[in-house]
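Chain order of the listed sequences is V and X. Numbering-wise (the numbering used here), the first sequence opens with residue 58 and increments by one. Numbering-wise (the numbering used here), the second sequence opens with residue 37 and increments by one.
One should not assume that every hint holds.
To be verified - Pairs of lysine-lysine, DSSO-like flavour, derived with a Cα cap of 30 Å:
id, chain 1, residue 1, chain 2, residue 2
1, V, Lys191, V, Lys86
2, X, Lys40, V, Lys191
3, V, Lys221, V, Lys191
4, X, Lys40, V, Lys221
5, V, Lys229, X, Lys40
6, V, Lys221, V, Lys86
7, V, Lys113, V, Lys86
8, V, Lys191, V, Lys229
9, V, Lys113, V, Lys191
To be verified - Beyond 12 Å from chain X on every Cβ pair, some chain V residues (computed):
id, residue
10, Ser72
11, Glu105
12, Arg120
13, Ser126
14, Trp130
15, Arg142
Keep in mind the hints are simulated off the structure, nothing from the lab. Note that this is a predicted model, so its numbers are computed, not measured. Virtual Cβ for every residue (Gly too), placed ideally from N, Cα, C.
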Amino acid sequence: MEARQPDNLVERMQSGDLDAFEEFFNTFKRPVYATALAITRDPFLAEEVLQDCFVKAYRVRERLDPGRSPLPWLQRVTINLCYSRVSRRKALAEPITSLITNLVVDLAARPDQVVESREVLEVLQRGIDALPPKQQTAVILYYLHGYSLAEAAEIADCNVGTMKSRLHYALKALRVRLPVERRVPVGTAATVRVTSR
Amino acid sequence: MSCKRICRELLWLARFGEFGPSSAPHLDHLADCGHCRDEVGFDRALVQQLRTALAQRIEQAAPSPGAWGVILERAQAPERGIRAFLHGQAGALAARLRTATAISAMALAGIIATSTHVAITHPQAGSAETEVLTNGAGELFERQPLVPRPRGAAPVPVNYVVPGPSDPEDAFLVSASMPSAAPADETVAEIVEPEVVETSVESVILLGGAASRVAPLDPLAGDPGRSAEPREAHEDAAAAGEPY
Chain V
58 MEARQPDNLV ERMQSGDLDA FEEFFNTFKR PVYATALAIT RDPFLAEEVL QDCFVKAYRV
118 RERLDPGRSP LPWLQRVTIN LCYSRVSRRK ALAEPITSLI TNLVVDLAAR PDQVVESREV
178 LEVLQRGIDA LPPKQQTAVI LYYLHGYSLA EAAEIADCNV GTMKSRLHYA LKALRVRLPV
238 ERRVPVGTAA TVRVTSR
Chain X
37 MSCKRICREL LWLARFGEFG PSSAPHLDHL ADCGHCRDEV GFDRALVQQL RTALAQRIEQ
97 AAPSPGAWGV ILERAQAPER GIRAFLHGQA GALAARLRTA TAISAMALAG IIATSTHVAI
157 THPQAGSAET EVLTNGAGEL FERQPLVPRP RGAAPVPVNY VVPGPSDPED AFLVSASMPS
217 AAPADETVAE IVEPEVVETS VESVILLGGA ASRVAPLDPL AGDPGRSAEP REAHEDAAAA
277 GEPY
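Given only the sequences and the hints, what does the whole structure look like? Please build it.
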């Protein structure tokens, strides 16, 4: 999911061209906003993060490398801004979140609760919120934005093995949240792979 | 390899699409093991649901139309220089110092106000010189006035209460010698502590010769009736350097 960067966009922005800056904003605003919204789940907070991110990009435009896409840098700044803001609100929000999470898990454990995709998604949303920031970032970059492992690792400032490990543990944590009754029996894809050998 | 380990490795391979020629044993196991197929299938379903859940978070997500205007305005605003930054920091520091000073002054005043000597005694023990007060917990306590002790005053006599003698005859003799106000069962005797007199003892130990000689200072040396001539030292039984 790479936003295409017009030619010489960063160089024009570095020369103080405000039209180039607007083009820069329009090119990268969606992935940046999506990341901010996926982490914060608050449109107002996500917009604040978006503004801060692009204001910072304009102020440090001289340091941007014209030969590389600025998107990984923008994503990294966005992630850092998000977590610095989320951590300020965490003390207030955490008890309610954990309470709801427990309720959802308790309800899900009841056998009379039928497998419903919407409920599974709810459980997953809570599970994503409960992940540690690094695992949450990995999940958002890899599964939401569709970055490759190498790109996601570059944005998260770690190596590929670490990124894999974070994804592995994130999925492991999400798996335990889903009760056995809700496991959708999808074994056919693996079987097809085996039979096609 | 155990089924559990193969299953773990299969999950890892499937998640990151890393199946290759070396994965043949894993795939063979997968073809035969229903449990592993369920696990891998569940993992794939989980990833699909995860993608859907993440997409739900940002569906129809777009910044507001006014975002660009705000960003442009903020980007063009002059950056706060180092002087403005330091000025702001200094202001904040001064405010904190003011608060800290006020709190310290109040604490000091409180300490001074409450540092009088307070002795908690029985309420009946209050005398004319003391003041019986009640604290916040409803307990009575006695506050004694602070009277400075005069310097250079004579030593204060100390009264000791001693029990009376157990022998009835001795008790009669003691009570007869005491004033009539003293109770019969105990005796109050006034004892004035004697003044401490500094004394010093000077001695000369002479070592050498066949035996040690000790020549104590003659206390009567200044007496005109006595001879000032040194007396002959006597010989010690123990040799010099020997233990006693």
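Hint check:
no.	hint	verdict
1	Lys191(V) with Lys86(V)	holds (23 Å)
2	Lys40(X) with Lys191(V)	holds (27 Å)
3	Lys221(V) with Lys191(V)	holds (12 Å)
4	Lys40(X) with Lys221(V)	holds (20 Å)
5	Lys229(V) with Lys40(X)	holds (15 Å)
6	Lys221(V) with Lys86(V)	holds (27 Å)
7	Lys113(V) with Lys86(V)	holds (14 Å)
8	Lys191(V) with Lys229(V)	holds (14 Å)
9	Lys113(V) with Lys191(V)	holds (23 Å)
10	Ser72	holds (15 Å)
11	Glu105	violated (10 Å)
12	Arg120	holds (15 Å)
13	Ser126	holds (20 Å)
14	Trp130	holds (17 Å)
15	Arg142	holds (16 Å)
Consistency note: the structure conflicts with earlier hint 11 alone.
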